[in-house]
Amino acid sequence: MKKTVMIIDDETDFCFFLKQNLEDTKEFSVVTVSNALEAVAKVKSTKPDIIFLDVMMPGKSGPDIAQELKSDVETRNIPVVFLTAIVEEEEVNQKKNIIGGWLYLSKPVKLQELVRMIRELTG
Amino acid sequence: MNETEVRSNEKPRILVVDDEPAIRDSLRMFLEQKDFACFTAENGEAALSLLSQDNFINLLITDLKMPKVGGLDLLKEVKRHNPFVEVIVLTGYPTVETAVQALKIGAYDYITKPFNLFELLSIVERCLERQRKNINKVAISELASMFEVSRSIANSIDKGELLNKVLQAALEITGATCGSLLLLDEQSQTLSIKAARGLPEEVIKNTRIPLGEGISGKVALERRSICGNIKNFLYLRSHSENGYESKKDSEPTFVSIAIASQDKLFGVLNVSDKADGERFTAREQTLLGILADEAAIALENASLYEQLQRKIYDLNVTIDKLNQAQAQLIQSEKLAALGRFSAGIAHEVKNPLAIVLGGVEYLEARLSAAEENIVIALQKMKEATLRANAIILNLLRFARPSNSVLEYVTCHDLVTEALALFQYRVPNRNIRIETEFADDNATVYVDRNQIQQVLFNLFSNATDAMPNGGSLLIRTFFDPRHSALGDKPACVMEVTDTGEGISPENLSKLFEPFFTTKRDRRGTGLGLSMAKMIIENHNGKILIESELGKGTRVSVVLPLKERKENEKNSNDY
Ligand SMILES: Nc1ncnc2c1ncn2[C@@H]1O[C@H](COP(=O)(O)OP(=O)(O)O)[C@@H](O)[C@H]1O
Ligand SMILES: [Mg+2]
Chain A
1 MKKTVMIIDD ETDFCFFLKQ NLEDTKEFSV VTVSNALEAV AKVKSTKPDI
51 IFLDVMMPGK SGPDIAQELK SDVETRNIPV VFLTAIVEEE EVNQKKNIIG
101 GWLYLSKPVK LQELVRMIRE LTG
Chain B
1 MNETEVRSNE KPRILVVDDE PAIRDSLRMF LEQKDFACFT AENGEAALSL
51 LSQDNFINLL ITDLKMPKVG GLDLLKEVKR HNPFVEVIVL TGYPTVETAV
101 QALKIGAYDY ITKPFNLFEL LSIVERCLER QRKNINKVAI SELASMFEVS
151 RSIANSIDKG ELLNKVLQAA LEITGATCGS LLLLDEQSQT LSIKAARGLP
201 EEVIKNTRIP LGEGISGKVA LERRSICGNI KNFLYLRSHS ENGYESKKDS
251 EPTFVSIAIA SQDKLFGVLN VSDKADGERF TAREQTLLGI LADEAAIALE
301 NASLYEQLQR KIYDLNVTID KLNQAQAQLI QSEKLAALGR FSAGIAHEVK
351 NPLAIVLGGV EYLEARLSAA EENIVIALQK MKEATLRANA IILNLLRFAR
401 PSNSVLEYVT CHDLVTEALA LFQYRVPNRN IRIETEFADD NATVYVDRNQ
451 IQQVLFNLFS NATDAMPNGG SLLIRTFFDP RHSALGDKPA CVMEVTDTGE
501 GISPENLSKL FEPFFTTKRD RRGTGLGLSM AKMIIENHNG KILIESELGK
551 GTRVSVVLPL KERKENEKNS NDY
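Heads up: the protein sequence lines correspond to chains A and B, in order.
The numbering used here puts the last residue of the first sequence at 123; the count rises by one with no breaks.
The numbering used here puts the last residue of the second sequence at 573; the count rises by one with no breaks.
Read the hints as simulated data drawn from the structure, not as lab findings.
Just so you know, even glycine gets a beta-carbon here, dropped at the ideal spot from N, CA and C.
Mixed in with the good hints, there may be bad ones.
Straight-line Cα separation of at most 20 Å, EDC-like style, residue types lysine to aspartate or glutamate; simulated pairs [claimed, not checked]:
(1) A:K110 x B:E348
(2) B:K104 x B:E300
(3) B:K104 x B:D158
(4) B:K561 x B:E536
(5) A:K110 x B:E364
(6) B:K382 x A:D24
(7) B:K382 x A:D13
(8) A:K3 x A:E113
(9) A:K44 x A:D64
(10) A:K110 x A:E11
(11) B:K79 x B:E45
(12) B:K104 x B:E161
(13) A:K19 x B:E364
(14) B:K218 x B:E186
(15) B:K382 x A:E113
(16) B:K264 x B:E222
(17) B:K159 x B:E186
(18) A:K26 x B:E364
(19) B:K264 x B:D293
(20) A:K60 x B:E348
(21) A:K19 x A:E38
(22) B:K488 x B:E536
(23) A:K110 x B:E383
(24) B:K550 x B:E494
Covered by chain A, according to a simulated footprint, are these stretches of chain B (three or more residues, beta-carbon under 8 Å) [as the list claims (entries may be wrong)]:
(25) 352 to 359
(26) 378 to 390
Take the sequences, apply the hints, and build the full model.
Listed below in structure tokens is the structure:
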């Protein structure tokens, strides 16, 4: 069965291309959410296998959403990866991908990078 | 020296020149009340026209900044017409240059506005007293050459030149062939020869006369003059025998006279051996007395001038320091602003780049079977997008840790290097330096120069805190979980002194830029604030513990960062 990938990002164009590109691989089905306030409900109804989450969004921040998901038994086991354009530390660039216990990918991100990450986390 | 004073029956005449009517009037009222005859003028031009009507004055009190003819020009003009006129300068803004200039041209003193009338009165009285002495002692005609001399003395601010001029004048006035001018060394309280004529070199070099000993010593101590008949007077280092003092009215072969002002002893002027073999007349002795007074004033001016020079120098040093500090602040402020700016830009630019990259990849998937040109075009677009991203990352890297050069280095190396520099530059002031190095090879990833700058500052502060000596302990160690870094592994460098310590209320201000308790010792108050900035730029912490009277410990905590095997900076985007 195809893995379900959820992308939560207020940039609808970004969501659109990412969805198309991932689905082009035929490995995944993709659900996008561009309204941060609807994100948690959408996760619960969709039950994705992995979530890519933007950091800065109007209404609700990525970390807040992640926190909420982690504290809910229904959603706490879904892997969350931040996708962010903010560059806080060199680690991000060095692809260590972990800051404060969360996984990160830096925008812009290459498709093959995303695919590798999804396979690793849902494998 | 005959010091009888003849008081004039007439009231002393004082001309007050100032462009502020309030000052003119209040001074006139005050001086008239004190029984002086007082005239006023509103500027130099008015004053000169008043004086050209043959109005004799004893004293001129003048402002410096006035419309038309200013104070300095007036002073020059007045002195040229009548060198006996005493001048006191009033000045609103006491710039060093004009004050010195006024004194050089021959002003007796200067007083800054606003002034206290009684202070002014005492200066006026002292000034008139001097004039009375001078005028009463000597007939005007005899003074003609004196004034040439005194003017040239007043003009020389260089001490060596001044002393030679005074001695030269003494010889010229009296026709003596030998002479010496001794100055007092305040510390050792001895007199030594600073200018001489007709004396052998080794006498000049080796003479040290304690105050009170010999003729010169006695003259100096008692601030008076002695004259008498002694052969080879100047060659004698100590004149312990009595009986050299000449009786009143007999004409001596030497004169020794103190150079002293009201409250300060400068030295002694000696002359002997007149060319014609004659003795020194009473008139010549009086002239020497006046010369000694002139010399005292000139020496006072010279030392004032030196003081002012020193002040100017200090001021310039301070200004330089401030400029440097300001430049540093602007620099760090700019970098901080650039850092914030770039981080903001990066975010704004990277989001659209992400969309572009997504779009290109979308097209790639759909056009993989298209003609080669299109595939190549998409490939180039993708590369360009990634290059734009790399540029932004570079900009961030440049802006953030203020173009520092980072390298892996052990704390041991940092400390030893900084210490070597410190010991080389700072004389060992009775301070024992001890070091305790951790024997691990834990490294930090830092800009070597910046961290050494921090350590240097900490060492300086520690030694500053121990003016009477003490011990300075420098320790390095590894802490696997340091609380200051959120329990992350840290390398710590500790600088501990046994100095005066820091009071609790100062402890909270240490890192404020410009906070210093060393105003008198040229503290800048920037050492610790710079240190904090540098250490925090390295994601470290700087901690201070102190106990008044016991000592201070400063800890620099830096994140441990081990060098990885075959590490490369793989920042392809
Ligand atoms: N080791 C120390 N012992 C006592 N006082 C200290 C020590 N280090 C710093 N201080 C206090 O902190 C102040 C600020 O230090 P700093 O920023 O280096 O500026 P500066 O040394 O120029 O005054 C000092 O003036 C001093 O009062
Ligand atoms: Mg300092």
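Hint check:
1. A:K110 x B:E348: Roughly 18 Å separates the two Cα atoms, so the pair holds.
2. B:K104 x B:E300: 12 Å, holds
3. B:K104 x B:D158: Holds. K104 (chain B) to D158 (chain B) sits at ~11 Å (cutoff 20 Å).
4. B:K561 x B:E536: With Cα atoms ~15 Å apart, K561 (chain B) and E536 (chain B) stay inside 20 Å; holds.
5. A:K110 x B:E364: Holds, at about 12 Å.
6. B:K382 x A:D24: Between K382 (chain B) and D24 (chain A) the Cα gap is close to 18 Å, so the pair holds against 20 Å.
7. B:K382 x A:D13: 17 Å, holds
8. A:K3 x A:E113: 17 Å, holds
9. A:K44 x A:D64: 16 Å, holds
10. A:K110 x A:E11: Status holds; Cα separation ~17 Å.
11. B:K79 x B:E45: 15 Å, holds
12. B:K104 x B:E161: 14 Å, holds
13. A:K19 x B:E364: 14 Å, holds
14. B:K218 x B:E186: Holds: K218 (chain B) and E186 (chain B) sit about 16 Å apart, inside 20 Å.
15. B:K382 x A:E113: OK: K382 (chain B) and E113 (chain A) at ~14 Å, within 20 Å.
16. B:K264 x B:E222: With a Cα-Cα distance of about 12 Å, the restraint between K264 (chain B) and E222 (chain B) holds, given a limit of 20 Å.
17. B:K159 x B:E186: 16 Å, holds
18. A:K26 x B:E364: Holds - the C-alpha atoms of E364 (chain B) and K26 (chain A) are around 15 Å apart, at most 20 Å.
19. B:K264 x B:D293: 12 Å, holds
20. A:K60 x B:E348: 18 Å, holds
21. A:K19 x A:E38: Given pair K19 (chain A), E38 (chain A) holds - Cα atoms ~18 Å apart, limit 20 Å.
22. B:K488 x B:E536: 15 Å, holds
23. A:K110 x B:E383: 11 Å, holds
24. B:K550 x B:E494: Roughly 16 Å between the alpha carbons, so the hint for K550 (chain B) and E494 (chain B) holds.
25. 352 to 359: Coverage by chain A holds for the segment 352 to 359 of chain B (7 residues, Cβ < 8 Å).
26. 378 to 390: holds (count 3)
Hint check: no violations occur; every hint is consistent with the structure.
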